[in-house]
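> Heads up: the protein sequence lines correspond to chains A and B, in order. All letters in the first sequence, in the order written, are residues 80 to 221 by my numbering. All letters in the second sequence, in the order written, are residues 2 to 715 by my numbering.
Just so you know, not all the hints are guaranteed correct.
[Stated by the list, open to error] List time: in silico DSS-like cross-link candidates among lysine-lysine, alpha-carbon distance up to 27 Å:
1. B/Lys309 with A/Lys166
2. A/Lys183 with B/Lys348
3. B/Lys305 with A/Lys85
4. A/Lys166 with B/Lys348
5. A/Lys190 with B/Lys226
6. B/Lys305 with A/Lys190
7. B/Lys610 with A/Lys183
8. A/Lys210 with B/Lys309
9. A/Lys116 with B/Lys226
FYI, nobody ran anything at the bench for these hints, they're computed from the structure. Note that the structure is predicted; figures quoted are calculated from it, not measured.
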Amino acid sequence: MDNSEKIVWNSDYDTGVEEMDEQHRILVNTINEAREKLSKDASLEALENITRDLLSYALYHFETEEEMMQEHDYKAYSQEEYETHMKQHRDFSAQVVAVRESIKLGNPITKEDLIEFLMSWLINHINNTDKKLARFVNSRIK
Amino acid sequence: MNFNKNLLDFMQESIQAWDTEGKKLFSNKKANLLYELSDEEIESFDAIASKWTFFDSRDNVLPSTELPTIKVIQTKKPLVNVALKMVSGETTKWIVQSVNPIFDANGELEGVVSADIDITHLKSQETKYKNIANYDPLTKLPNRLLLSDRLSLAISHAKRYENTVAVCMIDLDGFKAINDTLGHDAGDALLIEVAKRMQKVVRGDDTVARLGGDEFVIILADIAKTDECAVTLYRLLNSLSSPYIINEHEVKTISASIGVSLYPDDKVDPDILLRHADVAMYKAKNSGKNRFCFFDIASDQKIKANFKTLGKIKKAIVQGEFCFYYQPKINSATGKVIEVEALARWKHPLLGVLSPDEFLPLIENDNELSNDFDEWAIKEGILQLDAWQKEGIFIKICVNISPKQLKQENFVSKIKQILLENSIDRELLSYLEFEILETAAVEHLSNSNHVIQECEELGISFALDDFGTGHSSLMHLKELVIDTIKIDKSFVMGMLDCSENMAIVQAVIGLASAFDIAVTAEGAEHIEQVLSLIEIGCDEIQGYAIARPMPRDEMKDFILKFTPDPRWKLASQTLPSKTDFELLLAETNHKYWIEVVMNEFSKDDMNEKFFQTTHKECKFGRWFEKIKNQNNFITPNLKNLDLIHQQEHEKVHRLYEVLKKEKRAINSDEKKEILQMSGALMTLLGKIKKEYEQEKKHISLANKILEKRKYHGQ
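The shape of chain A in the complex, shown without the other chains (with noise of 0.2 Å):
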């Protein structure tokens, strides 16, 4: 994906469970903002603010996922699909946190690099990932 590129929503992206796709607008907004922001203000200051508004995102939107899992008990469903989704809730934060890290020893992550890594995240995991979940709450609600 081109990252030059504004992610504009559409109905592709759409999961079916309004509560999830709420919160993935708010992370294309963050994304999308934090392109903007960049491109005019790559200061350090700028990067630890887009990557701490990252941080308390994922634990946010994280939560909200996590919770749905239990409460329709996804791991009893699909142990793999449970475990790879909960992996790659994971693997974000690190990711955020490495990059946070990166900024405090001096040799930060280019902008280009960052906003890569969290389109190539956020498009994957909706597609491959949080819409599996989403079909499976959604059949147990219905």
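Start from chain A and add chain B according to the hints.
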């Protein structure tokens, strides 16, 4: 003349005439009344100029030479309708003055006539009108007119200082019902109370205005972060929805819907900002009232999400979801655990055990939360000390706190309170250490800080974390009250393969010893690093090479059972001379290289850089060249060492090429071969060490003999 005088006294204006020297020609009754001077007192214009201070229409004081009367005497030209303010003691008056020159028949200036009209009563009415024009008479809050003034001012201020301005449009929920059921007087009383509550919630420089009806606007100026704005808004909602007592009725049905637009995130024009805030306000109304919405949907959601996260952290503190893991610090001379650093973990019910890197940045960004968290940490540290001491384990605990704590006046009394509540003896505090980040410490840790002094009096010690990454200068180090500095792990981790990092580590150790401060090296991951640290005189070592952070029960076992690597003893017993040290370093470097190379050989994608250096370029090789140049002769052992070292490099290089070509990992035979070579090299090094020791003995013997000879005069 008398007739003229009487005529002048009847006039409504005050009339005075002065000669060219400023002497009084006449002054009518009205003038005497205006200037509050008797006819006798007014001898000259000086009498007036010394009793009254005059101001121009811009409120600048006029020096006497600038007064119209004096100016007309000088210029001989009339000055008409000059507005002046005059002040004497408590009295302020406004006049409009006209001064005309009078000429005699020859056209020579005879004097001047000044006619003044007192407009004081008009002025005071004007002020009243201005208030009516700018303020709401019911609540005494600024009205729409003054609001737009204040908003423009806030925006230009924000432009200059790159701050954010929040425009909050507030509409009361449930107000109409009060008007309908309790009457308009009750409605008015409610609005007055609402205005008071709003003013209580905001800061002094913020503006609260009433637009009319139950519509209010708050301008939050100078916000550094949007989170700050959210905190105020939640407080506002809370305050406005609390019960009211109106005419002895309790009113519980009032709340507020708030719409917020942000400058500069949103458009620049103040009117548009207000309109956007209005749109957002309707959104708040429609989505259930008693809430706020931001105009920008994206930031609205983000701010709320962040606020929820912070709220969860707050709840987690209260519910005891945080705990400490402990990482030991070893005294390098004795090999004993002397202290443990307390590192926070969040045992999140869903997400598992979270590391501090994931939540501390959020906590540190919020003053209130950071305060709560530090309070928890200090208490937890003290309680753990107490628990361990009751089991006979006397070990220091180091707790990380935010330097902001040291600004709080009640910091020490809070600590004493914890002791009191848990019946813990004050002696225990000498086992407590506070660790503060270097980057933030300088301004907080100075001698002059009495909170620090009080802590030190209680026996609490201080450590400076991440030393080397911040901006502490030597000057500062002298002024800071600290007992320990911790060398940042980035330097320690890189000290064996980057000579600059090694130099920094050595410099910090030297620096600390000059200031009589203890040094802890953090992040020692390999035994080689530990050994080198011991060699260069580091007092205390912490890192994965010793132990990872662990839960408190495991920590207890660790303290009781820990025995250091036997190599420690060797390293700390043979006190190093410089040559010994360099030898040891060369040895360590070589071992490290072998370790890295073996590790690379088992990987799919080998990093080429480890295989490029020749035997003369590597650290060991450079050490050897230096030795060769220093000594006039090369012992057979040294010669042999050079040869084996060279062969080893060649071997590694060849193997690298083979493995790369065949795209496979190292097999066990190849592994064995390299380790054997490395072993042979180590044995040789041991022999060379012995040679050195022999040589040292020779030298000291020779010195003794020389001394003796000197003594006997030979």
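> All the hints need checking, so say for each whether the structure fits it.
Against the structure, the hints come out as follows:
Among the hinted pairs, B/Lys309 with A/Lys166 is consistent with the structure: their alpha-carbon atoms are about 23 Å apart, no more than 27 Å. Distance check on the hinted pair: A/Lys183 and B/Lys348 sit about 26 Å apart at the alpha-carbon level, within 27 Å; holds. About 23 Å separates the Cα atoms of B/Lys305 and A/Lys85, which keeps this hinted pair within 27 Å; it holds. A C-alpha spacing of about 17 Å is found between A/Lys166 and B/Lys348, which places the hinted pair at or below 27 Å, so the restraint holds.
Under the criterion of a C-alpha separation no larger than 27 Å, the hint pairing A/Lys190 with B/Lys226 is consistent with the structure, at around 22 Å. Restraint check for B/Lys305 and A/Lys190: satisfied, since their Cα atoms lie roughly 26 Å apart, inside the 27 Å limit. Between B/Lys610 and A/Lys183, the direct Cα distance comes to roughly 25 Å. Compliance with the 27 Å bound is thereby established for this hinted pair. In summary, the hint linking A/Lys210 to B/Lys309 is supported, as the alpha carbons are separated by about 25 Å, within the 27 Å threshold.
The suggested pairing of A/Lys116 with B/Lys226 holds, with an alpha-carbon distance near 15 Å, which does not exceed 27 Å.
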